[in-house]
Amino acid sequence: MARTKVLTFTEKGIYCPASDFYIDPWRPVDRALITHGHADHARSGMGSYLATHAALPVMRHRLGDIRAEGIAFGETRRIGGADVSFHPAGHVPGSAQIRVALGGEVWVVSGDYKLVDDGFSEPFAPVKCDHFITESTFGLPVFRWMPQRDVAGQINSWWASCAAAGKTAFLGAYALGKAQRLLSMLDPEIGPILTHGAVEATNAVLRKQGLSLPATIHANDEVDPKQHPGAIVVSPPSALGSKWARRFGPQESAFASGWMALRGVRRRRAGDRGFVISDHADWSGLLSAITETGAENIYVTHGYTDVFTRYLNENGWQAQVIPTQFEGEPPESGDAE
Amino acid sequence: MKRFATLFNTIDQSTKTNVKVAALAEYFGDATDADRLWTIALFSGRRPKRAVTTTRLREWAAEVAGIPLWLFEDSYAVVGDLAETIALVLPPNPSGDDRSLTHWITELRGLADLSEPERKAFVLAAWEALGGTERFLFNKLITGGFRVGISQKLMTRALARATGKPETELAHRLMGNWHPDDTTWHALIEAADASADASRPYPFYLAYALEEGPEGLGDTGAWRAEWKWDGIRGQLILRDGDYYVWSRGEELMTDRFPELARAIDHMPSGTVLDGELLVWLPGAAAPASFNALQARIGRKTVPKKLLAEAPVVLHAYDLLEWQGTDIRHRPFAERRALLEAACADLPADAPIRLSPQIPFHSWDALAAQRSAAREAQAEGLMLKRADSPYLAGRKKGDWWKWKLDPLTIDAVMIYAQSGSGRRANLFTDFTFAVWNGNELVPFTKAYSGLTDAEFRQITAWVRKNTLERFGPVRKVTPHHVFEIAFEGIQPSPRHKSGVALRFPRIKRWRQDKPLQEANTLDDLNEMLRQYG
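Just so you know, the protein sequences line up as chains A and B, in that order. With our numbering, letter number 35 in the first sequence gets 42, and the count goes up by one each step, no holes. With our numbering, letter number 513 in the second sequence gets 590, and the count goes up by one each step, no holes.
Just chain A, same shape as in the assembly (with noise of 0.2 Å):
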């Protein structure tokens, strides 16, 4: 006997025909369930959204007055005829991974993910499942991100190297997600910690909802870089070099994505130093959750999906790529994660 299947990819986006909801829909849809707030998978135009408590301030702030609901992590709720609930992906503060079980079949959309624990985010749990649906940004063997700690330490280093030489730090991140993580990440023992306007309002956003940040001070015009020796400031990537930054006189610049693994694209970026670090899974992280997912049937929706298919297909998966219009970390983190 045919089945409809409990989730189905339309031109819409990730569909469950048999409750008529959407997951991350990229066209505007009556009901849309999202993984977490970034531009690719909280888009503006649903009728209805529902998303965890903690990923709905940043949805707010971005999509404005929207027709939205909180969940919490682990609770399942009953849409139609499936029980859906959300746990933690890790990818940043608030995202989730969907479970959808209808007729003894479990499906989860991973949305973006990452295994390492940031401090900062919920930690990434596995969902045992029989379809997964995951990403694959960096799916490739030659990504491998170094431990968090390590990262710090360079980045840190960086600094207060910038600072001796009598220079200010800017460091280049997006704004939502990984310029908090990155915050939490610094030393405030070496000098001030400025943020640029973008940042700063998504720090008052997470700030609001309970989220422990270090003390920064939001770097507007009032502000004199003069008073500010030693300081490290963290902005979008696009505003480095910008006349806005470049009032602070003598200045490194830095980058942080996990890109920067590559040094062609390191030297193309033509800043002082990148940085490795993402919110991404590296190669043995998507392998890893993939397998302890459990699920056989693997959907591929965005990134390096045909050599990661393969891969998978080799080594005993049933796996395919979806396409998608989900970006992962765009080539200079600038528009979307």
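Just so you know, not all the hints are guaranteed correct.
As the list claims (entries may be wrong) - With a straight-line Cα cutoff of 25 Å, these simulated BS3-like cross-link-like pairs (lysine-lysine) come out:
no. : chain 1 : residue 1 : chain 2 : residue 2
1   : B       : LYS522    : B       : LYS473
2   : B       : LYS522    : B       : LYS590
3   : A       : LYS19     : B       : LYS541
4   : A       : LYS19     : B       : LYS552
5   : B       : LYS126    : B       : LYS377
6   : B       : LYS552    : B       : LYS573
7   : B       : LYS590    : B       : LYS242
8   : B       : LYS522    : B       : LYS230
9   : B       : LYS230    : B       : LYS473
10  : B       : LYS584    : B       : LYS552
11  : A       : LYS250    : B       : LYS93
12  : B       : LYS93     : A       : LYS174
Unchecked claim - Selected chain A positions facing chain B (in silico; Cβ < 8 Å):
no. : residue
13  : GLU82
14  : ARG84
15  : ARG85
16  : LEU147
17  : TRP266
18  : ARG280
19  : TYR318
20  : ILE329
21  : GLN332
Just so you know, the hints here were simulated from the structure itself, not pulled from any lab data. Fair warning: this is a prediction, and the values are worked out from it, not measured in the lab. Idealized CB from N, CA, C, for every residue including glycine.
Knowing the structure of chain A, use the given hints to seat chain B on it.
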């Protein structure tokens, strides 16, 4: 290797010239003679003889990493650098090894005498001993190609700072055919007689492009004009009864141009000429196209038939050494007068010819001459100040190339492929088509010409508009029109369109232009008729 790795990282991480030069100068000041000699060699494209094939390196790396070979190859395609790919896929290792650069090079040279299992054991042990940048550099010692943004100019500046010797002298010492196996730091940099090697060329003087018209150059009387040929820049050295031909890329090409041997019959020993290597058939009014020359460049030894079909002649435009004396400091007009005198009695079949100067009395008159360059098979004009010395490297002010505007055509992007290395995560390699009726016919690929911001924008678009995938290539919705610039056009039966372009690149993204208004195959064929 740690000291060398620190130097490499400092240079590689910085975009600032003064930081790079300072780091190099410090290194040249305190590294051992053997290490600094090898560092100069590596940064100028010399490397130890390859002891292990890259095929074996790939197999061993995949084996140690525990991944299938195809996955290694696919990763390499993204990373764009074999040494780096290997360093990244191997298990991480914080290195404690402190053996020197020269130690590793010596060991690698010893591999030639070992059996393959012994070589493999050595390489695997090295991978295990070395971590991070050092492992990458070890791989580079085998695969070659340290592209680290250190030009010869920066290296000589750093050496000058470290040794107190003038940059021009050092630049000359570093030219030519030396290899660390046959020389020492002392002999190369410090010894009194640097010109003992008869084949040693002078550094080439390179011109900047004149972006706007020449009016800003002032009085026409101070300037000389000549054709800018579309050949290969070459330096012909006649010393001690022998001849040597160097390319601008400092490659010794003597064996590829045996016809130039007869130059010895026509010019005295102790002569060095700067000129253009061109295929020029006897009696022809203009040189053959670059395509004809290309057939010659590819061959290390030249069959008789090809020699007859595509004879190469050096068109000399400058004289650097005369009667054994370096005359580069003398004004161009004087060097040129000597050159003209030396070429005055050359018979028609000599392999050297004088590249003519183009007389002119006003910039307007010269502009009219320039517009005829394509008919003369030239790329445009060279402008040289009459009183200019022959400098080393690319310098602004005295020499300018005033090229013809390129040919252009508006084309539709139909395939996209992601780049590698610097552009690993962007779609940068595009195939373009023109209209033939209702069909789009591909006619060229082009890679460069867009800004990184534009590449990011087009990358996002390609992801959302992929129609089909063929491995790394994506067929995309025909939608975007680009203006393609190129230097020349030739008939080509190998291409579906029947034409091949020279130096195609993207001039700009015509977001203003609707798809239907891109050019047609007829337009291309008309260009072929006119300029082919």
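Which earlier hints turn out false for this structure, listed by number in ascending order?
Checked against the structure, the hints that fail are numbers 1, 7, 8, 13, 14, 15 and 20, while the rest are satisfied.
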